[in-house]
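Colleague: Each chain, written out:
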Amino acid sequence: MDETKAVIEGLIFASETPLAIDKIVEIFQERNLSRQEITAHLHGLVNEYDARCGGFCLHEVAGGYQFRTRPELSAWIAKLKGTRPVALTTAALETLAIIAYRQPVVKAEVERLRGVDVSRPLRTLLERKLVRLVGRKDVPGKPMIYGTTRKFLEVFSLRDLSELPTMGELKDLTK
Amino acid sequence: MDETKAVIEGLIFASETPLAIDKIVEIFQERNLSRQEITAHLHGLVNEYDARCGGFCLHEVAGGYQFRTRPELSAWIAKLKGTRPVALTTAALETLAIIAYRQPVVKAEVERLRGVDVSRPLRTLLERKLVRLVGRKDVPGKPMIYGTTRKFLEVFSLRDLSELPTMGELKDLTK
Amino acid sequence: MDYEVKLDIFEGPLDLLLYLIKKNELDIYNIPIALITKQYLEYIDILKTLNLDLAGEYLVLAATLVHIKSKLLLPETPEEGEEESDPRQELVQQLLEYQAFKNASQSLQAREVLERDVFIRGAAPAETPPADYDNQAWLEIGLFELVDAFRQVLSNLGQPELMKIDLDRTSLADRINEIMDRLRERQSLTFTELLNGQRERRLVIYTLLALLELVKQRMIRICQSGPFGVIRLFLAVAVEEEHG
Chain H
4 MDETKAVIEG
14 LIFASETPLA
24 IDKIVEIFQE
34 RNLSRQEITA
44 HLHGLVNEYD
54 ARCGGFCLHE
64 VAGGYQFRTR
74 PELSAWIAKL
84 KGTRPVALTT
94 AALETLAIIA
104 YRQPVVKAEV
114 ERLRGVDVSR
124 PLRTLLERKL
134 VRLVGRKDVP
144 GKPMIYGTTR
154 KFLEVFSLRD
164 LSELPTMGEL
174 KDLTK
Chain X
4 MDETKAVIEG
14 LIFASETPLA
24 IDKIVEIFQE
34 RNLSRQEITA
44 HLHGLVNEYD
54 ARCGGFCLHE
64 VAGGYQFRTR
74 PELSAWIAKL
84 KGTRPVALTT
94 AALETLAIIA
104 YRQPVVKAEV
114 ERLRGVDVSR
124 PLRTLLERKL
134 VRLVGRKDVP
144 GKPMIYGTTR
154 KFLEVFSLRD
164 LSELPTMGEL
174 KDLTK
Chain D
4 MDYEVKLDIF
14 EGPLDLLLYL
24 IKKNELDIYN
34 IPIALITKQY
44 LEYIDILKTL
54 NLDLAGEYLV
64 LAATLVHIKS
74 KLLLPETPEE
84 GEEESDPRQE
94 LVQQLLEYQA
104 FKNASQSLQA
114 REVLERDVFI
124 RGAAPAETPP
134 ADYDNQAWLE
144 IGLFELVDAF
154 RQVLSNLGQP
164 ELMKIDLDRT
174 SLADRINEIM
184 DRLRERQSLT
194 FTELLNGQRE
204 RRLVIYTLLA
214 LLELVKQRMI
224 RICQSGPFGV
234 IRLFLAVAVE
244 EEHG
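Protein chains in written order, with the numbering used here: chain H, 4 to 178; chain X, 4 to 178; chain D, 4 to 247.
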């Protein structure tokens, strides 16, 4: 394999979090590798792993690249891992969806949209680092503002927030 | 790729420790896969990755199989790890929280609140420039007084200290 | 009416209302308020008889429904130049929005969820090299973790400590840090210099409070050159840069 391509693959493999192209550019600084070249290698790798159809593939997620096991194998991997993580409750998921679409958003607005108190699901989301405090709104009382985290993108396999279906698309589902 | 081979590859990839053949046999129990078949797949994978000469290879280590980056790439991987995000220990985080909320504050007061010596976490915080020496108290012993830094505000995306959540908001999140 | 549906499956009053609309196959844009109000109130009654902890939000929506119903019963008397409005409109809007977010949460669930459908490399990272702190990214701690750590400390101490901190306290800390910084740059400052010509009430008050706190803590000294003279501030103790 081309050495640069192998290095890129190794970096993605070694990284704890999805590896951003910017980061790769930075690491290759002295070699003066262009973004285009890096992107070409990345696409090459993505296609290669997809075609190979092995145990894992290369994905673009949360603004970077990461190897992930193929979803078809989830039952097998679960056998290896034993206990499964606790799934989010409906309340937490609804709260998360509202924050994802309306961010930056204050708690009162989330509660207006859900029609119920969201203290508990909000705390769960904060603890799981899916949601974070992003600051205060410049209105009387200066309420805290919430937004989603990078981990939110990682957990739900999203490249970025624009990958979420639009509100229009979601409303169409209602009809 | 053969499905069994893909599953084995996925299991090795997702495993936190080198994956032993015994473990693979156990996971494939219901399929009644023989050790020989599993070993054949493992050798197949090892050879495939060696021939490919990419960013990582499959190795037999500590009684199991594990993917590892190729040693030739170690200098590149070190560049990646050098700027890895670091977390604070619980001790450092608690010390930081007390200083943030109680500043300007002397070490003795922080220790009273935490109930233990804070010399080490305090040094960490000073080194990481999250906390600084604000002044000395003009009392016997001239104890040092600590406060948070501008970098502290940056790290937590705060415009100023008044943006820190108040006790009331804290309770609201924890009820 | 069949009550086989478990009541605790509702995520709130809006969820219950949506359920009733779907169950009766009603048009969300043209809800027969009388029917839906009746059924909604019946559910509320069941919740009460089952002695379930009925959240106040359910009662608020019940009141809203009754209010809309009464408005629809009254003859319309639109004022001059005012559009005739459907009293159901706001509620319909709210329901549609809530339904859209419910769909959004389901579409999130339908994605490839990490550690449910897909897994990342499991092996522990290699040895961590000595960190270069100035270049560190700080992604792994957020404000919530900080606040939670403080809560943890306080919860070991008991109630009285809990009440001492508020917004003012932290604003004061900002001002104290600022004053100490400026005093370290220049050996002394006058009170007027400290205010920089700013006359904002809040700032003046915080500056005064900060000075009182600093004097109390014996971190600064304040001197006046005779009656009505210039007030000067000094550091009480020289501050060395090192720590130990």
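Hints are computed from structural coordinates only; laboratory data are not their basis. Nothing here was measured: the structure is a model prediction, and the numbers come from that model. Even for Gly, the Cβ is constructed at its ideal location relative to N, Cα and C. Don't take each hint at face value.
[Claimed, not checked] Away from chain H, derived, C-beta distances all over 12 Å, residues of chain X: (1) M4; (2) Q39; (3) H46; (4) E114; (5) D141; (6) K174.
[Stated by the list, open to error] Between beta-carbon pairs, the in silico distance windows are: (7) E118/D - E75/X: 30 to 38 Å; (8) K41/D - D53/H: 50 to 58 Å; (9) R115/H - D141/X: 46 to 54 Å; (10) T93/X - T92/H: 38 to 46 Å; (11) P143/X - R187/D: 50 to 58 Å; (12) V63/D - S37/H: 58 to 66 Å; (13) P107/H - K132/X: 25 to 33 Å; (14) D53/X - S37/H: 26 to 34 Å; (15) A58/D - S122/X: 44 to 52 Å; (16) S88/D - E172/H: 37 to 45 Å; (17) R71/X - Q39/H: 26 to 34 Å; (18) E40/H - R71/X: 43 to 51 Å.
Colleague: Sort out which numbered hints this structure fails and list those numbers smallest first.
Modeller: Result: hints 1, 6, 10, 11, 16 and 18 break, sorted rising.
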